[in-house]
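A.B. asks: Sequence:
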Amino acid sequence: MKGKWKTVTERRMNWVFGFLQGMYWTSYCVLFPFLVQMCTAYGYDDFQSGVVLTGATIANLVMQPVIGSICDKMLRIKPLFVSLFLAGGAISLLLFVGKHNFFVLFITMLLLSACVQTLQYIIDIWSVRISMTGVNYNYGFSRSFGSVFYAITAVVFGAAIERFSIDITSPVFIVCALITAGIAMLVREDEAALLLRKKREAETEGKKNTVPFLKACMMLVKNREYMIFLISYFVMQLGNLPVYNYTSRKFEILGAGSSLYGVALFIMAITEVPLLIYLKKLKVFFRNRTLVLMSFIGMVIRACAIAFAPTPILLALAFLTQSISYGIFIGAMIYYMSEIVPASILFTAQTIFAAVSIGLSGVIGNLIGGYYAKVAGVLEMMHTFVIFVFIGALIFAFPIILAKRKNNSGGKTV
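Residue numbering for the sequence shown follows numbering that gives the first Met the number 0, beginning at 0 and increasing consecutively.
What the hints contain is simulated information worked out from the structure, not anything from laboratory work.
Each hint can be trusted.
With a Cα cut of at most 16 angstroms, we get these calculated EDC-like pairs of lysine to aspartate or glutamate:
1. K282 <-> E338
2. K98 <-> D44
3. K373 <-> D44
4. K98 <-> D166
5. K77 <-> D123
Only a predicted model underlies this, so the values are computations on that prediction, with no experimental measurement involved.
Whole structure, please, built from the sequences with the hints as guidance.
C.D. replies: Take a look at the structure:
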C-alpha cells in the first residue's frame with residue numbers, strides 16, 4: 000500500500016479519510032441500528048417503531064438531494080459537514096425527552112437522520128473531489144475503516160446497552176460526533192477548492208452548461224438499464240429494510256439481548272472488508288452487471304437466512320451472508336452506475352437512485368412492515384417480506400437471462 004502512495008500528502012489523505020469513514024460509521028452505529036430496540040425500551044409498540052423509522056427515512060429521502068445540491072455549489076465541504084455533525088450531537092440530547100413523548104422522539108430521529116444519515120454519501124463525493132487534484136485515493140482502503148469501526152462499535156455498544164441501558168445513546172453519540180468533527184477538520188481541501196473554482200470559471204467562459212434536472216430525469220427514464228436497476232433494487236429494499244430493522248426485535252423474541260445483536264452487527268460489518276478491498280480483482284473476471292446480479296442473489300440468501308433463523312446463534316451467523324450481498328454491492332453499484340449512465344448526469348442518477356431505492360422504499364417498507372409486525376408479529380412479517388427481495392432479484396435477472404439466450408458470446412457473457 001505504501002508503495003502506491005508516493006507522497007506524504009497521498010498517505011495523509013487516505014488515512015484521514017479512513018478514520019473519517021471509521022468515526023462516521025461508529026456514530027451511525029450508535030444511533031440507527033439500535034433504533035427499534037430504543038423504541039421498545041421506551042415502551043412503544045412495533046407500529047410506533049415503524050413510524051419512527053419512516054420519519055427518519057423521509058428525512059433522508061428529502062435531505063439527501065438537498066445536501067448533495069448544496070455541496071455541488073460549495074467550494075469547501077468541511078464547514079457543512081462539521082456543522083451538521085455538531086448539530087446532530089446537540090439534537091441527540093432530545094432523546095431523553097423522547098423517552099416520555101413519542102412526538103418528540105419522532106421529530107428527534109427525523110432531525111438526526113437529516114443531519115447524520117444524509118452524510119454517508121457526502122464523504123465519498125468529498126474524497127473524489129479532492130482526488131481530482133491528482134492525489135492517489137484508494138476508496139476500498141478508506142471505506143474498509145468504516146466497516147471495521149462499525150463492527151467494533153456494534154459489539155461494544157451492544158454490551159454497554161445491556162449493562163447501562165439504552166439511555167447512554169445520547170452521551171456516547173455526542174462524544175463520537177465531536178471526534179468525527181475533529182477528524183473532518185484535518186481534511187485539507189484548499190487545492191481542491193482552487194481547482195474547482197478554476198474549472199467553474201473555465202466552464203462559464205466556454206458557456207458550458209450542465210444538464211437541467213428535469214432533462215436529466217427524462218434521460219434516466221429513457222435509460223432502460225438504469226430503470227431496471229432502480230426498480231429491481233427498490234422492490235428488494237421493500238423487503239430488505241424491514242427485515243434488517245426488526246432484527247433486534249427478533250433477537251429479543253428468541254430470548255437473546257443486545258450483546259448478541261452487537262456480535263451479529265460485528266459479523267455483518269467485518270465480512271464486508273475483504274470484498275471491498277478485492278473488488279477490483281473481481282472486476283477482471285466479471286462484468287459490473289454480473290457483480291450486481293451476484294450481490295442480488297446474495298441479498299436473497301441473506302434475507303432468508305435472517306428471516307428464518309430459528310435460534311439466536313443461527314440468527315447471528317446469518318449475517319455472514321453480508322459478504323456475498325452488500326459486500327459486493329457497495330462497490331459494484333458505483334462501477335455499474337458509471338457504466339450505464341452518462342457522466343454529465345451521473346450525480347443526479349446516483350441521488351435519484353438513493354432517494355428512490357433507499358429513501359422511498361424505506362418509507363413504504365418500514366411503515367407497512369411496522370403495521371404488519373404489530374398485527375401478525377415480527378417473525379411473520381419477516382417471513383412475508385422476504386418475497387419482495389426475491390421478486391426484486393428476478394426483475395434484475397430476467398433481462399440478463401433473455402439477453403444471454405439471444406447472444407451467448409464467449410468470454411464475459413453477462
